[in-house]
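Chains as they are written, first to last, in our numbering: chain A, 1176 to 1596; chain B, -1 to 249; chain C, 34 to 535.
The set of hints was computed from the structure by calculation and includes no laboratory data.
Hints may be right or wrong, so weigh each one.
Unchecked claim - Listed below are the simulated DSBU-like cross-link pairs for lysine-lysine, each with C-alpha atoms no more than 35 angstroms apart in a straight line:
1. 1495(A) to 479(C)
2. 283(C) to 334(C)
3. 421(C) to 1500(A)
4. 1559(A) to 14(B)
5. 409(C) to 334(C)
6. 1398(A) to 1257(A)
7. 479(C) to 400(C)
8. 1227(A) to 121(C)
9. 406(C) to 1426(A)
10. 151(B) to 129(B)
11. 121(C) to 18(B)
12. 1398(A) to 1227(A)
13. 334(C) to 121(C)
14. 1559(A) to 165(B)
15. 226(B) to 1559(A)
Stated by the list, open to error - Here are some chain A residues the structure puts well away from chain C; computed CB gaps all over 12 angstroms:
16. 1261
17. 1279
18. 1306
19. 1360
20. 1399
21. 1523
22. 1525
23. 1529
24. 1538
25. 1571
Ideal Cβ positions, reconstructed from N, Cα and C, are used throughout, including at glycine.
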Amino acid sequence: MVASSPKVISDRALHDAELISNSGAWAKNARQLASARAQEQGLPQRRDEYWKYTRPDVFVQKNVALIPQACPEIGIFADQMKTEIVFENAKLATHHLPEIDNCKIESLSNASTLDLHWVQDIYGKLELAGQKPVERSLAALNTAMATEGLLVHATGQVSSPIRIHSVSIGITDAVIHHVVKVEAGASVTLIETGQYGARSNVVIEVDVADTGSFHHIRVQDGKESHMLTHIFASIGADAKFKSFTLTTDGKMTRNECILDLVGDNSSVTVAGACLGDSNFHHDDTVFITHDAVNCESRQVFKKVLRNGAVGVFQGKILVKAGAQKTDGYQISQSLLLDEDSQFLAKPELEIYADDVACSHGSTSGAIDEEALFYLRSRGVPEPKAVDLLTLSFIAQAIGEIEDPDLAQAILSYLTDILEAR
Amino acid sequence: MLEIKNLCVQLEEEDKQILKGVNLSLEAGKVHAIMGPNGSGKSTLSYVLSGKGGYEVTEGSAHLEGNDILEMEPEERAAAGLFLAFQYPVEIPGVGNMTFLRTAVNSQRKLRGEPEMSAGEFLKVVRAKAKDLKIDADMLKRPVNVGFSGGEKKRNEILQMAMLEPKMCILDETDSGLDVDAMKLVAQGVNALRDGKRTFLVITHYQRLLDHIKPDVVHIMAAGRIIKSGGPELALEVENNGYADLLEETA
Amino acid sequence: MVMDDVQVKDGVDAQTVDAVKALSGAYKYGWNTEIEMEYAPKGLSEDIVRLISSKNEEPEWMLDWRLAAYRRWLEMKEPDWAMVDYPKIDFQDQYYYARPKSMEEKPKSLDDVDPKLLETYKKLGIPLKEQALLAGVEAPEGERRVAVDAVFDSVSVGTTFQAELMNAGVIFCSISEAIREHPELVRKYLGTVVPVSDNYYATLNCAVFSDGSFVYIPPGVRCPMELSTYFRINAENTGQFERTLIIADKESYVSYLEGCTAPQRDIAQLHAAVVELVLLDDAEIKYSTVQNWYPGDENGKGGIYNFVTKRADCRGDRSKVMWTQVETGSAVTWKYPSCVLRGDDSQGEFYSIAIANNMQQADTGTKMVHLGKNTKSRIVSKGISAGKAQNTYRGLVSMHPKAKNSRNYTQCDSLLIGDKCGAHTVPYIEVKNNSSRVEHEATTSKVDDDQLFYCRSRGMGEEDAVALVVNGFCKEVLQALPMEFAMEAQALVAISLEGSVG
């Protein structure tokens, strides 16, 4: 990649300089390296194969018109949440971070001024590992200039999920970087709701140690929002990683998930569902690397689109030589509710080991007329029948959520949204 | 109850006439059966009456209690009291059987301007009716028709019929793919719904279903027309002699 | 394994040795024809382009077309997106024109063709002369006749059954002959399916193509026999740039077969072909290929670099094209036979078997571009990787906004034999209307141990068992081939996998 817009980078680098100089040694070092990395890579360009179906412009332009927005009310998960941390306009609004059993939570802004810290082995390191074979300069940029984030260190079973709820009012550009370390035998669930900014660049680095377990649920429903997220995770042996994202609104969303299976006998799942209407562009880009024996990976993505909404899926399973007994599954499907919507997909397999069972499927089409008629013949009016079939279509992705209560909460939330539109 | 006059239907996509002037008059409380060889237009008749897309009515009419149903949307026909038990019930993954049933019951009530059934009341009713049809709690929880055996699917259709309490029931080849025991169970379910007011149109290829659901009138359909009508003895005649004789007779 | 070195014990007859050789799976077509050749000077320049044009006695417009392509090509960059890795090609270290001396004076009929050339084709199983003699006489009962255009390095040696085909109105000749004899047809269609600037190798082909086949099937004609072209690269260090143009006019039908082989040489050779198919209303073309260029040895030495652009333009409503390919040869394959479904209700099909063994690299697939309403496409791709080979399926299915009610079904399966090879799948799916339905399925797995064990417990050797299982894996594609080709392909599948187990 050639840095053909160095100006944008250097403008931002000015901003970095301050951040970097205010950081402690480990953070300073990580940020400087990331800054250099981003400079060298340059910003993504429209002609980059990796951005074939999504224009990166809105994420890289300095002066993108951000539309002021009201803070969305998210009642979802209200019943289940005991641990909640709130961000307002990309700043931490919860001043006393909760103290919970088996887990220590700190803020990036606070920890980065400290020196020795467990986080230095992860911050920027997993992101760096995820830069090959495809460069993700916007993630490097995030490492260099993230202003806030949470550092979550789970040392045992964390009984209730940790929810990050963010609200943004007005015009904000948010650069948020979370780091999660799940120790051996530990497990934790992280939930993200709301939106950090009108335009957000979010990176989450997750290190799951052997026998650890990490669950992630995310609800993206910011109106008019521009959201770029990266998850970089390294998964040890006998470990588990599951991430599910529901997107019901947003002008432009790109969720990247880069997972490295480095220990044997582990399983990972990345799932997502989106409901897109009119000015809505949604891109799921997943890269799963199998570098260990007897691991399973699943990718399940469902997109329901109408009124010119665009859904993109780029998913890759890379099985390295020696990663025998790999079970890789990938499905991407779109339900196009009218003639204007589009689905663009590139589901890839790259396999260098023979004792594997990998498959991918991708379909696109209109609603099943047969099922629609069946529902209507039972007296269900057409719009309601379409909603039911939409839920039916999405169900498989929601089924990937481990906790049945959280899955139910997502389902109810989705049902309400369908009823309201 | 249901008055069909000179119903002519062709496929929308191609210029192919399927129904060529069907006349039927079904009185309230009666059970009519339509028998006929494959391709005679029996299933098409059931689809056209319930409003499936892909067909074009070129001539004729169909009235349910005096209301022109051909002008109605499928859900309006359902709310008006028409029910079709499908030959091949559709699978809907991810939507629970209970959710589906409740949505259907309340949608119809809403369309008719009646109050919705409360969750508690609904549960009570559905459990009782399911029990009669030997549908267990697990089947009610599972997604609609997904992973159901042939018999389970047909029993599920009858459960829907019992819950929706239609006035006019059309059973399209309900016996297909069923063994004798499953067929008896389904027939019992249907017979339980015979209350002297509800009307049934039973479409079948074989006579055997009619041993269990006794018809008042039997019609023979061939090449898109009703070619003969009579009492239950007509079904036995078909059973013994096949359709060939009848077809010749009327040719 | 090269069987020429086999030590023959006393008492073993020559027939047995031959039979063993035939079964052993060594590349069967690796021999060389000793024949006096005439070369154009090495390297590529405008002068070479002019020379090729003058050797073919081409009109001015053709030369201009070539020169424009050449100038364009100079500005283009070699594509690097395919998953193939090979040393940089020195385009100045190649011969772009090589023809047997005996072809200097164009043979008036097949009788005048150099017996050495006829012998070459006979040895390859393509007996030009005998089949030509059949022209005009009744073919034996049940035997299908196939007309052949035989291309040897840069020139067409001869075309059989021309007269009989002419009676039916079918034109079947070399492209160089067509440019001279049927300029109106060539000018109308050449470069309209694959534009001059389409891609690096296609543009190069436009500049330097020397020969190839031309077919025109007039309206309403069902071609009375199968047509085929047999390509043979013989000369060393010589690139073969063939060009094929097939036009199926309204309501016509033709089945076309293509075969290719080359001698075993240590230095890699370049082959960059362009095939254009034009289909008007209700026309149908079946295009079958068995590509068996020399694949290089087990260490990756030598072999053909095969960069091919094949495309069918279903211009007419209800037209139908079917590509079937069995790709077993070449060191590097870069090939995507595609269909542009422009006419309403047109159909495109792609059936492919790609086998890569030893150090072979194949990056092949198809593009189905749906432009017209109610268009249908079907892709069945079976990739087999063995040895240290890399095999990639790359494809595009595109539903344009106006391609209402269209359908695509794609099935692409990969089979891995051994843990040193790779199998990759890179499909692009672009759906821009909702009345169309696209379904894509892909699987990757290894040869099923249970199936192998079952075969072996019934007495089959390991390699036979693998060949049997692989043939089963490919069955759907093998069935799409014309009968004679299917038999050959089936045998080829087994031969290509030689040495892949154990």
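We went through each hint and held it up to the structure:
| no. | hint | in the structure |
| --- | --- | --- |
| 1 | 1495(A) to 479(C) | holds (15 angstroms) |
| 2 | 283(C) to 334(C) | violated (47 angstroms) |
| 3 | 421(C) to 1500(A) | holds (19 angstroms) |
| 4 | 1559(A) to 14(B) | holds (33 angstroms) |
| 5 | 409(C) to 334(C) | violated (42 angstroms) |
| 6 | 1398(A) to 1257(A) | holds (27 angstroms) |
| 7 | 479(C) to 400(C) | holds (27 angstroms) |
| 8 | 1227(A) to 121(C) | holds (27 angstroms) |
| 9 | 406(C) to 1426(A) | holds (31 angstroms) |
| 10 | 151(B) to 129(B) | holds (15 angstroms) |
| 11 | 121(C) to 18(B) | violated (72 angstroms) |
| 12 | 1398(A) to 1227(A) | holds (25 angstroms) |
| 13 | 334(C) to 121(C) | holds (15 angstroms) |
| 14 | 1559(A) to 165(B) | holds (23 angstroms) |
| 15 | 226(B) to 1559(A) | violated (42 angstroms) |
| 16 | 1261 | holds (40 angstroms) |
| 17 | 1279 | holds (42 angstroms) |
| 18 | 1306 | holds (20 angstroms) |
| 19 | 1360 | holds (33 angstroms) |
| 20 | 1399 | holds (25 angstroms) |
| 21 | 1523 | violated (5 angstroms) |
| 22 | 1525 | violated (5 angstroms) |
| 23 | 1529 | violated (4 angstroms) |
| 24 | 1538 | violated (5 angstroms) |
| 25 | 1571 | holds (16 angstroms) |
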